[in-house]
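*Asks:* Listed here are the chains, written in short residue letters.
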Amino acid sequence: MDIGEQDRVIIVEPLADPTPAPVTTPAPAKEPVPSDR
Amino acid sequence: MSYRPRMDDLRAELDLLERRYGSVADVADVTRLQIARQRHNHELDRVNAELDELLVRRRVTVDSIERLIALEREILRRAIDGERRRRREGWSPTPILGFRAWTIERGRLHGAVEPWLGLTMEATCRTVTAQDEVPHSDGRCGAPACGIYALKRAIDIQDVTGWPTEHLALGMVALTGKVVEHALGYRAQRAQVVALAVQHPDGVVFVPHPVDLWPILDGAGPTRDVFGAIDPYPAMCQWLEVQKETHEWTSVNRTA
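Protein chains in written order, with this note's numbering: chain F, 1 to 37; chain E, 1001 to 1256.
Please note that the accuracy of each hint is not assured.
According to the in silico footprint, chain F covers these stretches of chain E (three or more CB under 8 Å from chain F) [stated by the list, open to error]: (1) 1088-1094; (2) 1170-1179.
Computed beta-carbon distance windows for the label pairs [what the hints assert, rightly or not]: (3) F/4 x E/1245: 20 to 26 Å; (4) E/1241 x F/4: 33 to 39 Å; (5) E/1067 x F/7: 36 to 42 Å; (6) E/1211 x F/11: 36 to 42 Å; (7) E/1111 x F/4: 24 to 30 Å; (8) E/1211 x F/7: 33 to 39 Å; (9) F/7 x E/1202: 21 to 27 Å; (10) E/1128 x F/7: 19 to 25 Å; (11) F/7 x E/1106: 35 to 41 Å.
Rather than coming from a laboratory, the hints here were simulated on the basis of the structure.
Fair warning: this is a prediction, and the values are worked out from it, not measured in the lab.
Note that the Cβ used here is the ideal one computed from N, Cα and C, for glycine as well.
When you get a sec, could you build the whole thing from the sequences and use the hints?
*Replies:* Shown next as structure tokens:
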């Protein structure tokens, strides 16, 4: 692939995606287990 | 500051006993001790004065070191900024879009040199051991220089002389990391496929979203419409240019 003469360097640092992380539903609390004692 | 323990209370108590009983035991040793103690107090005062002077000298020296560090940093910063200006080095918060070709073999995209394991590729240099600063821009790895190649204009990848006419894919890639710009294209550190036009026996399959590419690569056939064309390459290149405009517009609005 002929891309011609080298010109210059570009540093590409993409910004973090502003899309918020998906909201996760916390697992329901476990029912208390009755003690044998 | 001298160390001066309280002795007056004991001396007063001894005086009280002398007045009470007319005489007390001889404490001449205490007088000698007092003289020795005064001598040591003088020595302590001298040491404290030297310490004060040393603390001042230490503060002055630390200040001088901090000024020298700031000066060094300023000179280095000016040299770095000047070199970047002289080399016209650029910086971008958004990926650079370019175009390239692959063949599709055994469910994978194959570049001119090696297969891509997915839709992304990280460049390595096969000529020199040091993998820092890839793609090299100082000429150390000769020609062709290392990096993931892409062209600026989709129309320039129409020259696919020597490539197979079947299973050919032309695509747009987002280039990130260190990107070396050339007159007609780029050499990049990282590339990700963002749109693909795949040649099909019945025409061309346009894949604007990379996730839709897998059924085609897996041999399940196109899940999208196939567009017949007498000469598929111009149609593929024109479609890729439109994809570039769409991506650039989206990028501008996302960062606005």
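*Asks:* Each of the hints needs a verdict: does it hold here or not?
*Replies:* Verification of the supplied hints:
Interface restraint, the region 1088-1094 of chain E with chain F: holds (7 residues with C-beta to C-beta distance below 8 Å; minimum three). Restraint check on the region 1170-1179 of chain E versus chain F: 5 residues with Cβ-Cβ distances below 8 Å, three needed, restraint holds. Judged by the Cβ atoms, the range 20 to 26 Å given for residue 4 of chain F and residue 1245 of chain E holds: they are separated by roughly 23 Å. About 19 Å separates the C-beta atoms of residue 1241 of chain E and residue 4 of chain F, a value inconsistent with the hinted range of 33 to 39 Å.
Taking 36 to 42 Å as the suggested C-beta distance range, the pair residue 1067 of chain E and residue 7 of chain F conforms, at roughly 40 Å. A beta carbon spacing of about 29 Å between residue 1211 of chain E and residue 11 of chain F contradicts the range 36 to 42 Å that was offered as a hint. Taking the beta carbon of each, residue 1111 of chain E and residue 4 of chain F are about 19 Å apart, not inside 24 to 30 Å as hinted. Look at residue 1211 of chain E against residue 7 of chain F: about 34 Å separates their beta carbons, and that is inside 33 to 39 Å.
As the Cβ distance of residue 7 of chain F to residue 1202 of chain E is approximately 41 Å, the hint placing it in 21 to 27 Å is violated. Separated by about 22 Å at the C-beta atoms, residue 1128 of chain E and residue 7 of chain F satisfy the suggested range of 19 to 25 Å. With their beta carbons about 37 Å apart, residue 7 of chain F and residue 1106 of chain E fall inside the hinted range of 35 to 41 Å.
Checked against the numbered hints given earlier, this structure breaks hints 4, 6, 7, 9; the rest are met.
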